[in-house]
Structure formats: C-alpha cells, structure tokens
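Working from the sequences, and respecting the hints, build out all of it.
Chains as they are written, first to last, in my numbering: chain D, 1 to 219; chain Y, 1 to 128.
Don't take every hint at face value.
Stated by the list, open to error - Okay, the calculated bits of chain D under chain Y, using three or more residues with CB under 8 Å as the criterion:
no.	region
1	74-81
2	134-141
3	205-219
Claimed, not checked - When the alpha-carbon atoms are kept at most 30 Å apart in a straight line, the in silico DSBU-like pairs for lysine-lysine are as follows:
no.	chain 1	residue 1	chain 2	residue 2
4	Y	K78	D	K156
5	D	K75	D	K162
6	D	K156	Y	K120
7	Y	K78	Y	K27
Hints in this document: simulated from the structure, not taken from any laboratory.
For glycine and all other residues, C-beta sits at the position ideal for the given N, C-alpha and C.
Residues per chain are reported as follows:
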Amino acid sequence: MEEGMGIMASAALDPDLVQRLDAIRHERGDTVHIDEVGEIVHALLQTVNGDVSAGDLRLYRELSSLAEYITSARKEIAALRPDEIRSDFIPSATDELDAIVGATEAATNCILDAAERLEGIAPMVDEEVAERLTEVTTAIYESCNFQDLTGQRITKVVRVLKVIEERLTTLVKIFGEEMGEETVKEEKQVLSDEDLLNGPQLPENATDQAEIDRLLAEF
Amino acid sequence: MAVGKNMNVLIVDDYKTMLRIVRNLLKQLGFNNVDEATDGSMALQMLRVGAYGLIISDWNMEPMTGLQLLREVRADAKLKDTPFIMVTAESKTENVIAAKEAGVSNYIVKPFNAETLKGKMVSVLGDF
Numbered sequence: 001m002e003e004g005m006g007i008m009a010s011a012a013l014d015p016d017l018v019q020r021l022d023a024i025r026h027e028r029g030d031t032v033h034i035d036e037v038g039e040i041v042h043a044l045l046q047t048v049n050g051d052v053s054a055g056d057l058r059l060y061r062e063l064s065s066l067a068e069y070i071t072s073a074r075k076e077i078a079a080l081r082p083d084e085i086r087s088d089f090i091p092s093a094t095d096e097l098d099a100i101v102g103a104t105e106a107a108t109n110c111i112l113d114a115a116e117r118l119e120g121i122a123p124m125v126d127e128e129v130a131e132r133l134t135e136v137t138t139a140i141y142e143s144c145n146f147q148d149l150t151g152q153r154i155t156k157v158v159r160v161l162k163v164i165e166e167r168l169t170t171l172v173k174i175f176g177e178e179m180g181e182e183t184v185k186e187e188k189q190v191l192s193d194e195d196l197l198n199g200p201q202l203p204e205n206a207t208d209q210a211e212i213d214r215l216l217a218e219f
Numbered sequence: 001m002a003v004g005k006n007m008n009v010l011i012v013d014d015y016k017t018m019l020r021i022v023r024n025l026l027k028q029l030g031f032n033n034v035d036e037a038t039d040g041s042m043a044l045q046m047l048r049v050g051a052y053g054l055i056i057s058d059w060n061m062e063p064m065t066g067l068q069l070l071r072e073v074r075a076d077a078k079l080k081d082t083p084f085i086m087v088t089a090e091s092k093t094e095n096v097i098a099a100k101e102a103g104v105s106n107y108i109v110k111p112f113n114a115e116t117l118k119g120k121m122v123s124v125l126g127d128f
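Here's what the structure looks like:
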C-alpha cells in the first residue's frame, strides 16, 4: 500500500527530484526518525543544482514549512515535559489515590467497629432504647457504603492515569528518548510558602509525631 | 434448601468493608448463617460444596465477575434455582438488562439502605 502510494507520488515529481530523493533514501533508508525530517529537508535542498522549476520551489517551501512545524511541535511538546509527567507526576498521583483508598478503608473499619460495639449494647438495655440503637447502627452501616463506591471511582481514575502514562510513553518514543533528558528539573534553591503546601504525606513518606517531637527538640 | 432465617446466605464482594456491612444488615434482619467470598470463582467453589439458600453478589470483581458467577450458577443443574441478588454500583440500563437475561432474581444499586435490601429479599424469598 505504502509502496504503491510512493510510486504514484514519484510519478508526479520531477525526474531530477526523484533521483535526489532516491539518493537520500539509499543513504538513510525508508524510515526516518521524526527528528531527522528537518535534516533530510536540508539535505534535499543542498542537492539542488542549476535550474529550479516552479514545482520544485513549491515543494521545497512545503517541505521547509513541514520541517519547521515539526521542530516547533517538538519544542512545544518538550516544554510540557512528558517524561517528567510520566515518571514523576502520574506515579505520584496514583500513589496518592491508592492512599485515599487505604485511608477510607481503615476509617470505615473503625466506624464499623464502633457501630458493632454500639449494637452489642442493645441486648443490655430496655426494648425501646435497643430499637433506637439498632436504628442508629443501621444508619451507620448504610452510610459506610461510601467506601466501596469511592474505591471503585478512584480505581477508574487510576485506570485513566495508566492510559495517559502509556500514551506519554509512546509520545516520548516517537519524539526521542532524549526529550526526557531535555526535561531536566529546575532545582529551586529557596522554598516559597507555596512550596510548603505539600498536603498529607503518603504513609511511607510521612514523619510521625515522635520524629516531629525529636526535630523540634533539636532547635 | 429451605427458605428461612436459618438458611445459609453467601455474600460476595471484593471490598471487605462491604461484606461487613451486608453481614451486619443481614444479622439485623435475623440471618446469622452468612458466609463470605471475595470474587466469583471463590463463591462458585463454596456453592459447589455447601448448601446456600441465597446469593447476594457484587458485579465488579476479579478474576470472576458477579455476572459470570450468575451465569455459572444458572448453568449448573444443582445450583440453577438458587435465588441470586446482584448488589452493584453498575446502574446502566444495559447492565440491568444483561443481569436479567442471565437470570438474576433481583438487582440492588449501591449505595443502598437496609429497607431496600429487606424489600428485595422479601420479593425473592417471600416473607421471612
């Protein structure tokens, strides 16, 4: 299919241009990395000798413009730091979401423990109070439904993040792994007030009260 | 399996808290013989060795979903008549239709309350 299209396209081109394209193809092969498009256009322009037809000029202009467009798109995508999003932001967001599921599950179990203890009191009291205790505990059990639903919703979000991560991996591959190297983190020397708004830490990164007390005692 | 509060009920959900909630609500309704499974395949193994009068199952579980469990139950000569209530967050019409086509006895959408659970159980089992 691609070969056929190539033949059709070649048939419409100037024979000299076809010859120059064949020479480049012979040198670089049929497939080129997206980064090399600009270089190839440049190489093609270098081969121009003697008279240039109006068709050639139009084609060169279009190729130059395509190369510029690709270079500009590549810069814009690099500025988005896809490698950093893939390697830092998404895993971090996924960990935070997992922590939410863990924390809500732990909290729900605590609430259920308390509700079960409350229900255990019912046989020790008179019938009317026992009935009211049962009503209250039923309401607590019903309300704890939220944990299951929250967990399922968060799982859906995590799945979406995984898809984004996969797409970013593909994007970085297309535009070259070195794009990741371009996205070197800017190291901040001074922490601003905003930098200190870290929010709750994941359990494995959190500093416990004893450690905080120890730190404070050092000052 | 005789229908009554002494019958065995199997509850299936991959969320432990949900199993605990349903178990407590069943206890309040007078059902104390309650077993738990955390996915369809575990439930199927338990159903094949035990005698259960009611299955209350979630849908979204791995490796075997509640819908697959329902199909397995309905395809099994020994289990096919066991009442099966689906309790799930899957509330799209297509889900309800698929469950009905697979032979579900009733369908409860999460979040649910004790009254809904009791009402659906009565509609499936009769008064208890």
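Hint-by-hint comparison with the structure:
| no. | hint | in the structure |
| --- | --- | --- |
| 1 | 74-81 | violated (count 0) |
| 2 | 134-141 | holds (count 4) |
| 3 | 205-219 | violated (count 0) |
| 4 | Y/K78 x D/K156 | 36 Å, violated |
| 5 | D/K75 x D/K162 | 25 Å, holds |
| 6 | D/K156 x Y/K120 | 29 Å, holds |
| 7 | Y/K78 x Y/K27 | 27 Å, holds |
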